[in-house]
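Can you build the whole structure from these sequences, using the hints too?
Note that the protein sequences, when read in sequence, are chains A and B.
Note that this note's numbering gives residue 428 to position 428 of the first sequence, counting from 1, and the numbers run on in steps of one.
Note that this note's numbering gives residue 54 to position 54 of the second sequence, counting from 1, and the numbers run on in steps of one.
Given that identical chains are not distinguished, each listed pair holds provided it fits within a single copy or across any two copies.
Here are the simulated EDC-like cross-link-like pairs (lysine to aspartate or glutamate), alpha carbons at most 16 Å apart as the crow flies:
1) Lys356 to Glu52
2) Lys19 to Asp352
3) Lys385 to Glu310
4) Lys166 to Asp198
5) Lys286 to Asp274
6) Lys243 to Asp146
Worth flagging that the hints you see were computed from the coordinates, not collected in a lab.
Number of protein chains: 2
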Amino acid sequence: MPDNLEHLTTQERLLEVNKALNNGMFVQVRRMLHQFPPEDVALILESSPQSERKSLWQLTDAEQQGEILEELNEDARDSILALMDTENLVAATEGMDTDDLAYVLGGLNDSEYQDVLAQMDAQDRQRLEQALSYPEDTAGSVMNTDTITLRPDVSVDVVLRYLRLKGDIPAGTDALYVLNKNDELLGEVPLASLLTCDPAASVAEVMNHNAESIPVGMEDSEVAKIFERRDLISAPVVDDHNKLLGRITIDDVVDIIREDADHTMMGMAGMDDDEDTFAPVLKSTKRRTIWLTVNLGAALLAASVSNMFEATISEIATLAILMTIVPSMGGIAGNQTLALVIRGLAVGHIGDSNAKTLIWKEVAIGLLNGFIWALLVAVAVVIWKGDVNIGYVIAGAMFINLSIAGLAGVSIPLLMKKFNIDPALAGGMALTTITDVVGLFSFLGMATIFLRA
Amino acid sequence: MPDNLEHLTTQERLLEVNKALNNGMFVQVRRMLHQFPPEDVALILESSPQSERKSLWQLTDAEQQGEILEELNEDARDSILALMDTENLVAATEGMDTDDLAYVLGGLNDSEYQDVLAQMDAQDRQRLEQALSYPEDTAGSVMNTDTITLRPDVSVDVVLRYLRLKGDIPAGTDALYVLNKNDELLGEVPLASLLTCDPAASVAEVMNHNAESIPVGMEDSEVAKIFERRDLISAPVVDDHNKLLGRITIDDVVDIIREDADHTMMGMAGMDDDEDTFAPVLKSTKRRTIWLTVNLGAALLAASVSNMFEATISEIATLAILMTIVPSMGGIAGNQTLALVIRGLAVGHIGDSNAKTLIWKEVAIGLLNGFIWALLVAVAVVIWKGDVNIGYVIAGAMFINLSIAGLAGVSIPLLMKKFNIDPALAGGMALTTITDVVGLFSFLGMATIFLRA
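As structure tokens, then:
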């Protein structure tokens, strides 16, 4: 085992830890886990199967356990919480930032949560209850309360002396906030300004009046967009009366961005974004059931469409062989449009003012695609099967299905958005069902009309 | 039109701009565009169809055009660059950060680029050529060179006086870097420390020795992981000899995270993540062709599998009706596993040490899923078609296909990763092809063996 683990990547660290664990070298494992920063230990825990996770947790540094817990994803957090008793947990979470504390305790059931609350000191309990009073996924639920505030009439020199006396500035602080006597936000003074301005100036003279303040009820993904657009490092959070409640820092925003992206990507495949990479088999299987059930419904619906044309199929077996091509192409073309629109909605490109333009554009692409692929597939089929009439039928069905795919790909997510359904979750399944049904119906329907003797 | 546009969301702003533009109120539009910050103007341009985009660009503030350009996505940037002559462009990009400059000029063809280069001032040109010398998607290509550096032996007091004299600290600076005489990085001094420490102390005494430094050749998504894990705001970039080359700031990292997420999400649907939401119809159609071509190949392959069983299908038409169910369920189940593994690889959960555990886990889920869905589908089919033998056949095929789907869903991305193929791009198509072929082959194959008279 290398003596200096500092320059290893996390995967290499994981390998070392696993090697030592499998060889029963618990003292070594403990030494390594104590040496790594908590975020790396969290990643190692997430990357370990359930059984090893337990042994590893027992070997972590008790001092670090709180910080490790706050870095874990929900599933892994829950599996660790199950190993801790109330006393452990209270000790581990002492002095934690409110937003992190809310996250960690969010994994407890009601009675466990009450137990922990009862053992916490009064101030922490009050801060926590405050933090939990904001709805999930709003600015309030991700903010911290560790702001440094100033009055506008003091001089910068006084501020500098105050900071030196205080001796410590919370992590992620890039500005101090200026409040009037009613605690209303007047502006902010960046740390950089404090270092460059004339110390004789007053806070009011050096402060930035246009501080981007975040309403406490704003959705967290909106907050992330503002941070991204304005290149912010932190921003003050205010209530309806412009009173300062706390601040949001970029590290929390990065987590929001990552979670939103995960949610979209996993959701499109019918998965929960909280799913642990190493969740137990039974739990995973159960979770994946919903989507498979929905899909079975969609598949049976498609089969019942084919069933309407049983007579035609039994007369011309070639139709059965070719009938999967049109739905397949429709699904792909529709999904391309769907992905573009979901991304556009997420980034904020699409609204009432340009939805029509987008619909026309995607329908035009659908028609053009329909024309091109109708031609190509017809040629391929005529060459393969030597039957010109089947070529006509598949061309017609392909044109219809790709046109509908374009229309469905753009209108499904727009409609879902209107009804507050997440298009990333349900859009793909809805789209594929439409392109399957339309594809089969148009192909087999036209075949019944034109090809039957 | 409201007089105060400050409190509108970007979508509302877009609506106002469009209304004014459509009514020919160009003076109003110009006034609005001059009033908005450049990042909002960029979003408005991206959200506008090609024709309007041109008119809008002519009405933007010439002073802002550089900043607007650097905020645009690639496609929109290119459509705007086509409207600018060399002189315009040189004026707009003057004094831009090197990484942004490299991005903007990256949209030019070689001769245009040489023209711009020839008209730039010598210092900017040198900085640009330096920036462009680093491979795309590495730390070097996203870093800035606007670092403030210190020597270890000066006192904090001297540093404070120097900063006050300088009067300006670059945006996103949270630390100054300490170098020895050979320009090698010794550590960093956070701005917060400068404000809280004893001014009589030396830089060496207050500096942080464990500054997380980024090797210039590191992949940008690795850089993003480090920023995320360590909650960094900026980090120094060094060469192989620990010499300071520049710094990376969190705003660039946020862009990397967003782009990587976009790339995965769009890539899984067979789309280019640079695709403009309002790209021209012909351009979009052309871009989407590759994926549709690949899919046509896959669909024809699946059809050729069915073709092998033409005799069976023409004898029992019910098979044709049911034959799409098994591939469809396999595709969904396999894609669930695939999404989990792609996410796990991206986050860094999966490596050599735990790949085997993951494969076994997903195969176990596949077998369990196979068993459950074989039973359910068989029951549904027997009730629907009243034929117990077809129930046996579809149950067998479902079990085989879902087991294979689990195995393929986990091994395809792991194999692709080994061969440096992006699993987000090609994984889904490869998986669906396998589940289609295996699904059809097992269902029709078993039907041929067991059901033919």
